[in-house]
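J.: Okay, here's what each chain looks like letter by letter:
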Amino acid sequence: MEKKNKVLSEKDPHWRSEVLDSFTKYDYQTSLDKAIDYLNKLPQRTDINEAITESDYVTIYYTITASAYGILNKSKTFDSHIWAHFFDYFDRYIELIKTANKTSLYPKNAETLLDHALDLLINFQPEQLSEKAKEYVSQMLNAWNEQLALSVLLKKVFDERMDFKHPDAMIYTRKLAEIYLHTAQGYGESYHAECAAIMNLLSDLTYFEGTENSEEEALQWIEQSLVLNSKDEFAKRRKKNIQDSLTIKEQIRRFNHDTNNELGGLQTNLQELKKRIHATKSDAQTLSFLQKIDNSIQRMAGIRRFVQKQAPEFQQIDIVNQLIIPLIASYQNRMTIQVLPETVCTWEVDRDYLLLSLDNLIKNSLEAFERKNIELTQRYLNIKLQITPSHLTIKISDNAGGLDEKLRDHIFEKYISSKGIKKETGLGLSNALNAIEQMGGNLQLAPEQPKNGTTFIINLTQ
Amino acid sequence: MSTPLSILFMDDEPSNDIIANARERLAEQGFDVDFVSTMSSAIEAYYEKFYDVFILDIDMSHLPDDQEGDGVKVLKRFVSLHNQTKVILFSGAGTVQHWFSAANAHCFGYIAKDQQDGELDSIHLLIEKIKQAAKSTTSVRANTSTAPTHALLITDDKSLATQAISQIQSTLGENWTNEIISTDAWSKNPPDSSQYGIITCLQAKFSTRARVKQQLQAILANSPAPQTIIACDGLDTERNSILYIANQHPFRMVDLQHPQWQQSFADALSAAVNWYGKQEIFTADADTLSRIHITLPEDVQSAGHDDLSETDMESLYTDYESAVKENQDNKDESL
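For the protein sequence lines, the chains are A and B, in the order given.
Each residue of the first sequence is one higher than the one before, starting from 1 at the first, in this note's numbering.
Each residue of the second sequence is one higher than the one before, starting from 1 at the first, in this note's numbering.
These are computed hints drawn from the structure, not numbers from a lab.
Just so you know, these numbers come straight off a predicted model, no measurement behind them.
Where is the CB? At the ideal position from N, CA and C, for every residue including glycine.
Be aware that a few hints might be false.
Claimed, not checked - Listed next, the stretches of chain A that the computed footprint assigns to chain B, with coverage defined by at least 3 CB atoms under 8 Å from CB atoms of chain B:
no.	segment
1	267-274
2	303-316
What the hints assert, rightly or not - Listed below are the simulated DSS-like cross-link pairs for lysine-lysine, each with C-alpha atoms no more than 25 Å apart in a straight line:
no.	chain 1	residue 1	chain 2	residue 2
3	B	LYS131	A	LYS275
4	A	LYS309	A	LYS249
5	A	LYS155	A	LYS108
6	A	LYS102	A	LYS11
7	B	LYS205	A	LYS309
8	A	LYS274	B	LYS131
9	B	LYS213	A	LYS309
10	A	LYS74	A	LYS132
As the list claims (entries may be wrong) - Computed from the model, here is a short list of chain A residues facing chain B with C-beta under 10 Å:
no.	residue
11	HIS257
12	GLU262
13	GLY264
14	GLN298
15	GLN462
Chain A with its partners taken away, still in its complex shape:
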């Protein structure tokens, strides 16, 4: 009796010399041609054909299929002829192993072929990935067993996830992951841990896609994952994070909505109050309080619009008298501020955005004065305006010691601060820049800095 484990190359030296040699040397075109030729001539090989078993045919089909893959994978170009060979012999391979005695076969080969089939789909027919991959996985599952098919698919999901160079890797990961879940569903608890891991992966993918509902969808995946694997600490933490983020978003949304009405109410109430107060002869102090409330509401509305990234609302204003003078009033007892010229200087700006920017710049100087313990009487800040028909330039200079050279190039970046990490949020100058840019202008450090201070320049166009 023939030994069960005698393989084709042992039975027939021709197979080794004609086919296997070129295959092991990665000469796949030769191994493909010769293996097909070998197969075709086998019926005439009276010397050997009686010894040929089912598992030898499996070997031949495997060799043809793997050779076809080798050619396509090496050249990276689609060849319909080779493609047809691959799937033709892949089918025959599957058909044969269905009935063959598995103990005489290499499971590794079956795994390899399924992996190859998925690989070819991804590289050459990605649009058919969902449909075809499902089909091949289920064929392999029927021909061998679900464990083999699912382990190949699982590995493929994570391989794709790691294929950082491929621009569509995330899309393929998602498709394969969905097939995995769909297929593994039928096998109960045995695959719960794997399914949970895949759901976690899908949750991450969905989350980082950043679409409108991606957080909600990510949360759904995590929740499903926790149903299957309730002890997954990673998933629990992730769930909490996403929920927190959603809560914050919802709170901001509600805040926006509710303050819309409140702010509207506040503004109209103030109008009523003004009308009544102006109708009576009120003292200067009452009027001053009223003005302060008015300014605060105005600024609150401006900050709110800025945070919402609202496009600027342009209006003609007298920059010096309507904006700068009232603004610096609140700083006067903490430094000496000089404005030049003090004449009327009308320009079309978003009043709140310019105010926000200037306020941040002055605040920046004030903090520098305080940090460096500069005496009140020695603190100077100059605001100089230059106006041409098309440009308005505002120069803001202080004598607060100047900028650290290392910070100069990053001064407008978020969270960069000379005040030390975490002490302040470091959004001030970034916001100042942002507000000016929203109006189509620019804000920069002056090319020539004073010896003992800092100069910023705002440029606005008409």
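Using the hints provided, position chain B relative to the given structure of chain A.
T.: Showing chain B alone in chain A's frame:
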């Protein structure tokens, strides 16, 4: 002495400060203001009295008698009920879609409750809008003797221009010519708009600078002859410029952020041809009317008002139907 302007003011939060203040200040202006907080009382009021202006909020979703309603639907409904009444939306809750839909349903004005113009608050803006509505006459213009065949496209964006031209050509057909002009060239030397049947203006964003506002105002000044279609990005951050345009009464506004904006643009073009030189009148939405028809009598009774009999309601309904029939050429426009 002329009769005071009659206003129906509907808002479901009558105790809100802004609403209370608005009512007071409208009354101070000498307007004859009736306030309602439900849809059925609005219908009832409408049935009994003519209103020059109807003010309503977008956020009508929690009206007990009209679960499906929001301001835009209500707006369309009232435009269909009575074309002479000017509808002004006064809202704190509108979304991008609302702004575009409201313009396309021909609201006379849209004021956001937190909107301000310098020192002027939203109620001031509302009052200005009401005064403007009082002056405006509904002009249902007769068709010009010859059918228009010239369209004008105003844009600075080459890619938008290419896409728009392809829609203009395929929608308007060979009989129409289309001229393209940049916004700059337009404002330096605005062509006589009477030679055009349709003016389209496409730009991602319109600034709120005075010169841009003036341009837009001039472009829209003669609508509905020619019918003017404005397309821009529907973004939350552009609320002020979008509302500014909506308040200038374009024939249609198209949201360039919408994936199928070309289709909306084409629809707007064909609607503009059908409606050339005329005000668009919406046909009554029978489904909505029948819904109100069913809910109304109960509400009226529970509110302790006079009964509105079935026959009354039927005649009201027949009125709509005959109004619809009179306007056989009025196409049923969906948003």
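J.: All hints, please: hold or fail.
T.: Results of checking the hints against the structure:
no. : hint                : verdict
1   : 267-274             : holds (count 6)
2   : 303-316             : holds (count 9)
3   : B/LYS131 / A/LYS275 : holds, 21 Å
4   : A/LYS309 / A/LYS249 : holds, 16 Å
5   : A/LYS155 / A/LYS108 : holds, 14 Å
6   : A/LYS102 / A/LYS11  : holds, 20 Å
7   : B/LYS205 / A/LYS309 : holds, 14 Å
8   : A/LYS274 / B/LYS131 : holds, 23 Å
9   : B/LYS213 / A/LYS309 : holds, 21 Å
10  : A/LYS74 / A/LYS132  : holds, 22 Å
11  : HIS257              : holds, 6 Å
12  : GLU262              : holds, 8 Å
13  : GLY264              : holds, 4 Å
14  : GLN298              : holds, 8 Å
15  : GLN462              : holds, 9 Å
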